[in-house]
Amino acid sequence: MEKGYLALVLHAHLPYVRHPESEHVLEERWLFEAITETYMPLIQMMQRLVEDGTDFRLTMSLTPTLLSMLNDPLLKTRYLNHITRCIELAEKEMERTAGTPFHRLAEEYYHKFSLIRDAFREKEILQSFREFVQLGKLELITSAATHAFLPFVMTEEAIYAQLMTAIELHERHFNQRPRGIWLPECGYRPGLDRLLKKCGLEYFFIDSHGLKQSKPGPVFGGYSPVLTPEGIAAFARDPGSSEQVWSSKTGYPGDVDYREYYRDIGYDLDFETIRPFIHPDGIRIHTGMKYYRITGQNEHKEPYNPDWAREKAALHAGHFLDERIRQVLEQKEKMGRSPVVVAPFDAELFGHWWYEGPMWMDFLLRKIHYDQDVIQTITPSEYLTLYSDYQVCELGFSSWGRGGYSDVWLRGENDWIYPALHHCEQQMVHLANKIQDPSPAEERACNQAARELMLAQSSDWAFIMDNKTMVDYAVKRTKHHVNRFQRLVRMIGHGQIDDEWLSKLERLNPIFPDINYRHYRSEHAISRVQPSDRPKVLMLSWEFPPLTIGGLSRHVYDLSRYLVRQGWEVHVITTETGNAPHTEEIEGVHVHRVHVLKPDGGEFIHWVLQLNLMMIDACHTLFDAGHRFDLIHAHDWMVTYAAKTLKHEWGLPLVSTIHATEHGRNNGIHTDLQRKISHIEWQLTYESSRIILCSQYMKREVEQIFSLPPDKSDVIPNGVDPDQLRVFREGNPADQEPYAADGESIILFVGRLVREKGVHTLIDAAPQILAEIPEAKFVIVGSGPLMDELNNKVREQCLQEKVLLTGFIPDHERNRLLRLAKVAVFPSLYEPFGIVALEAMAACTPVVVSEVGGLGDVVDHERNGRKMWPGNPDSLADQVIQTLKNPEQAQQMAQTALSELSRYDWNQIARMTIETYLKVWKPGSREQSIVTSGERV
Amino acid sequence: MVVLKEFDIWREVVLKLEQGATQAELAKQLGLTRGQFRYRLRKFLEQVSAEPEAAAAVEAVEMVPEPTEIFHDPALWDESWSRKWNRNRLVLMVKDTSTLFAYWEVQEQRKAIICEHFESDWNELPFYLQVYDVTDVWFDGYNAHSVHRFRTHPEADHWYIHSLSPGRKYLADWGTTSLSGQFFAILRSNVVETPRLEQVPQNQAPICFGSLHSAPTATRSAFPQPTTPFSVQFITDKHSWIESFDGYTLKEKEND
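Chains as they are written, first to last, in the UniProt record's numbering: chain A, 1 to 937; chain B, 1 to 256.
No lab work stands behind these hints: they were computed from the structure. Certain hints may be false.
The calculated DSBU-like cross-link candidates involving lysine-lysine, where the alpha carbons are at most 30 Å apart (straight line), are [what the hints assert, rightly or not]:
{"no.": "1", "chain 1": "B", "residue 1": "169", "chain 2": "A", "residue 2": "197"}
{"no.": "2", "chain 1": "B", "residue 1": "28", "chain 2": "A", "residue 2": "76"}
{"no.": "3", "chain 1": "A", "residue 1": "647", "chain 2": "B", "residue 2": "111"}
{"no.": "4", "chain 1": "B", "residue 1": "169", "chain 2": "A", "residue 2": "215"}
{"no.": "5", "chain 1": "A", "residue 1": "92", "chain 2": "B", "residue 2": "16"}
{"no.": "6", "chain 1": "A", "residue 1": "536", "chain 2": "B", "residue 2": "111"}
{"no.": "7", "chain 1": "B", "residue 1": "111", "chain 2": "A", "residue 2": "434"}
{"no.": "8", "chain 1": "A", "residue 1": "198", "chain 2": "A", "residue 2": "212"}
{"no.": "9", "chain 1": "B", "residue 1": "111", "chain 2": "A", "residue 2": "479"}
{"no.": "10", "chain 1": "A", "residue 1": "802", "chain 2": "A", "residue 2": "867"}
{"no.": "11", "chain 1": "B", "residue 1": "16", "chain 2": "A", "residue 2": "123"}
{"no.": "12", "chain 1": "A", "residue 1": "504", "chain 2": "B", "residue 2": "84"}
{"no.": "13", "chain 1": "A", "residue 1": "468", "chain 2": "B", "residue 2": "84"}
If you want the footprint, here are the derived chain B segments under chain A, 3+ residues with CB under 8 Å [to be verified]:
{"no.": "14", "stretch": "76-85"}
{"no.": "15", "stretch": "101-108"}
{"no.": "16", "stretch": "132-142"}
{"no.": "17", "stretch": "176-189"}
Every value quoted in this text rests on a predicted model; they were computed, and no experiment measured them. Beta carbons are placed, not taken as given, at the ideal position from N, Cα and C, and that holds for glycine.
Produce the entire structure from the sequences given, and follow the hints as far as they go.
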């Protein structure tokens, strides 16, 4: 019984070279030479073995490009013409060499060519392969559709398309799915196994170092396949067998008795004699007729002697076999399993480069069959049935190219192709996701685009550019395919497919007749938005719940959901926060939270730039998904860059709400940063078609600071959620713990602890108030940068017993306090609106507010509350004392305030906002945006 | 005699077809239309059907689908080339165990915003390629094991990064710096892993066997989770400015 196995694997591949536009493209000869010198001799070899009853196993990868060419009527015809010319040349050579030592060789060529022509006519090459498969002698596997170097294909979709197109073509020709694949150039990278599994493939090949560096190391060395984490088998090339056959220096092919490849009569004969058989432009070429043997290192060559070469081939086959037997015996002992030696080669080495290769293999297979019983040939599929389990290893990136990785395909000569190739594949994926229901013309165009992309991806072009021969051809091919692809994408995008041009292209590159562009679709279907009749606004706000830093977040949240209730579709673009999802729908509002890239320059102002860049990207993604907006609504300066950019890109009207100004916040502009922010604010007002401001006060301020024409802005007060306000009127007031003791009167402040809110005015007024109202208790709710300073102030004035700074407290506690308070004080120095005063009113609590900004608009002195002079402790104390000393009057004012709150009902505010929208929403602006932006693919 | 002569002519025609001559050429030489030519060729082949070689050649020639002229359309042979595709991207590719290749592009739109923000001409801004070792790191922009920084020309669009370590995961940013010298990322790349150079010692990972198409779960969980290049941490974690943030702008330090 045999102790081990040899898996001979021949990788047969040629790039797709087919030029119906010209009869004389030299590169087509690659195929013709390979048919004559490699594919037909290998078929003849297998035929002989079968006829003689010699059992053998061989594995061949026939790449989809080669398969397509072998099956192509034009190329078959041209091959017949080609081989006929070879026969003619051989005939002429027989005459010319009569009486010389070369006559016999010429005669042999004549017979060889004639036999090949007969065999070629008699039976399709592919039919011969099919028969060997049926006999169980040959296992055929596939490769990537156009031999793309898969580690450099960027998207999984494009890799999947390469694999599936290959598998389907293979199935079409051989009526069975391939079980294995030859990864082009043995290029593997982690994660590829998942796609191989998805395509139903069972095994692939890697180079030996790829296995050596696996994790963990292979316990059986290279003598057993290992499984990737996805359960796909990887067979590693045996370095020993490769070296002996591959190397032109130390390997068999360099033997002195073998035929010298570089002495071809196409170069050796005088020009006039050879002229009819070379390129019409007089370019000398290999004719396939070579009369010399390698002889030695120097230029001097002796005539080829077929008998000597034959003897050497037999000798080398014997040597090869002995080495394998030695390996197998040694490993069998160690492994406790039958080892498999994997010997993969480029098929074209046999016959084309190494003329005696097929003969050597013939000898080898016969010797294995007849002369020993240690080794048997085996296919990978057969080997995988021998054992039920194999070691599982993680494999890293490797290839069988020079250096073992990607040095060949990534260097100065060819690195320029990848930006284009990667862009094209992403376009193709986009197209496949987008074109769901193609017209017949679109279907053809998409399929041809897939063909052109795949052809551009052939690893051969980068390889040739590295190899530095025929570079022009490879460069041109890359450019042609990429440019044809681009033209197709443009045609599809514009909906104008030039049928005549497309059909020319289909006839030029009719590879993969059953190609299906849908293989480029993403695994997770990208949802395409159906156009709706609802008006659609894009809302830009740097904060949105749950991210709440200022009042903006709540405002945008309420405005958005009330716009939705009024029939608008609202998309909010905002900042990501905590674990909040990047995309979600809240009460009908579509929220898109963007991740902000870091490093971001380390300062808030630069972070804002980064936020805007990310927002623009997010909006482009929405556009790509089919969203079309009627207008953009921006909130405050933080989103200016995005608002301005998208407005111009999409040709949409822009509405902005200015909630506050840098000038107002800082009581003037004092620093460069403030100047920059103020400038950005101005820019937002300048770019906007309409500005929304929350109070008359803000309108005056903005008009003054930014020289805004009065008719460009609308005053719409900030809204208050009626549901939110209802909370303040329900349930019983609870006790005052832990904020105040029974009998104490709470004087409440709610707000961020920043200068502009004027808390310090309240603390300054505390002694005066306490003098009149000893039971007063000041409760200050909120946090902020002034916390420490305020605490110190309280300590200095020995008010610890009477003033409580609570820091941040939850909403329900805050609401409870609003109801408990005897008076709520809002002593702001600057307050564009002051929504919290409305909340106090909703709780039916009397208010004292500064005569400033929006607060001034809200309170009518002594009708629905009391006003004080901003920053004036005396005035504050006076008003608070008045309120507390006249509880009945205060309660009446609070009732009045409560009854008027419907002015701030969000339903009303949303309606007013829509009125502003309708002032600028041009009918058809949505269509406009489609036209001006074109198709983003 | 006449018949014989006719026979020779057509025999020669068949030979010429075999050698690659087109029917159109031969028809012209004989002063026949293509239709006449085909008809008489077919008649001849019926006579000599005993001779399969000639018949095969003619059949093969008949399969030639197109005249070459239809492909002489310049729109099929465009050899122009573009390095710019109007997109924002930075892509890393692995060349070998210690070398990566990066290529990038910034959209004009993004360039314009950056120029406006930094109040500078694009060509006056400093640009850098920063390569981070993010092996086993949930990268947040600041916590890489190591950072390599290369100054690049504003119009440069690719770079080879040499002397990196084998078996490490890398990520790159291309960006500029603020006036205070802090890096601002404009583009971020994919994560790539340089191939391991050394053999992994047998004891470093458990040896484990599985069957085809179903690797054991134990191994799968041992497979390292891909490092996500993107942090989901919110800004509050990393920014000194957040403490002095009052909601809409920055409270600047007193000495500003």
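Going through the hints against the structure:
1. Between residue 169 of chain B and residue 197 of chain A the CA atoms are separated by roughly 25 Å; this keeps the pair inside 30 Å, and the hint holds.
2. Restraint check for residue 28 of chain B and residue 76 of chain A: the C-alpha separation of about 26 Å stays at or below 30 Å, so the hint holds.
3. For the given pair, residue 647 of chain A sits about 17 Å from residue 111 of chain B by alpha-carbon distance, which is consistent with the 30 Å threshold.
4. Between residue 169 of chain B and residue 215 of chain A the alpha-carbon distance is near 16 Å, which keeps this suggested pair within the 30 Å criterion.
5. A C-alpha spacing of about 17 Å is found between residue 92 of chain A and residue 16 of chain B, which places the hinted pair at or below 30 Å, so the restraint holds.
6. Annotation: proposed proximity of residue 536 of chain A to residue 111 of chain B holds, straight-line Cα distance about 29 Å (limit 30 Å).
7. Under the criterion of a C-alpha separation no larger than 30 Å, the hint pairing residue 111 of chain B with residue 434 of chain A is consistent with the structure, at around 29 Å.
8. For a cut-off of 30 Å, the pair hint linking residue 198 of chain A to residue 212 of chain A stands: about 26 Å separates their Cα positions.
9. Under the criterion of a C-alpha separation no larger than 30 Å, the hint pairing residue 111 of chain B with residue 479 of chain A is consistent with the structure, at around 28 Å.
10. Under the criterion of a C-alpha separation no larger than 30 Å, the hint pairing residue 802 of chain A with residue 867 of chain A is consistent with the structure, at around 23 Å.
11. This hinted pair checks out: residue 16 of chain B and residue 123 of chain A have alpha carbons roughly 24 Å apart, not beyond 30 Å.
12. The suggested pairing of residue 504 of chain A with residue 84 of chain B holds, with an alpha-carbon distance near 28 Å, which does not exceed 30 Å.
13. Taken as a hint, the residue 468 of chain A and residue 84 of chain B pair is honoured in the structure, with Cα atoms around 26 Å apart against an allowance of 30 Å.
14. Check result for the stretch 76-85 of chain B against chain A: holds, 9 residues qualifying (beta carbon to beta carbon below 8 Å, three or more required).
15. With 3 residues having a Cβ less than 8 Å from any Cβ of chain A, the stretch 101-108 of chain B passes the three-residue criterion, so the hint holds.
16. Given a C-beta distance limit of less than 8 Å, the hint that chain A covers the stretch 132-142 of chain B holds, as 3 residues qualify and 3 suffice.
17. For a cut-off of 8 Å, the count of residues in the stretch 176-189 of chain B with a CB near a CB of chain A stands at 9, and the three-residue condition holds.
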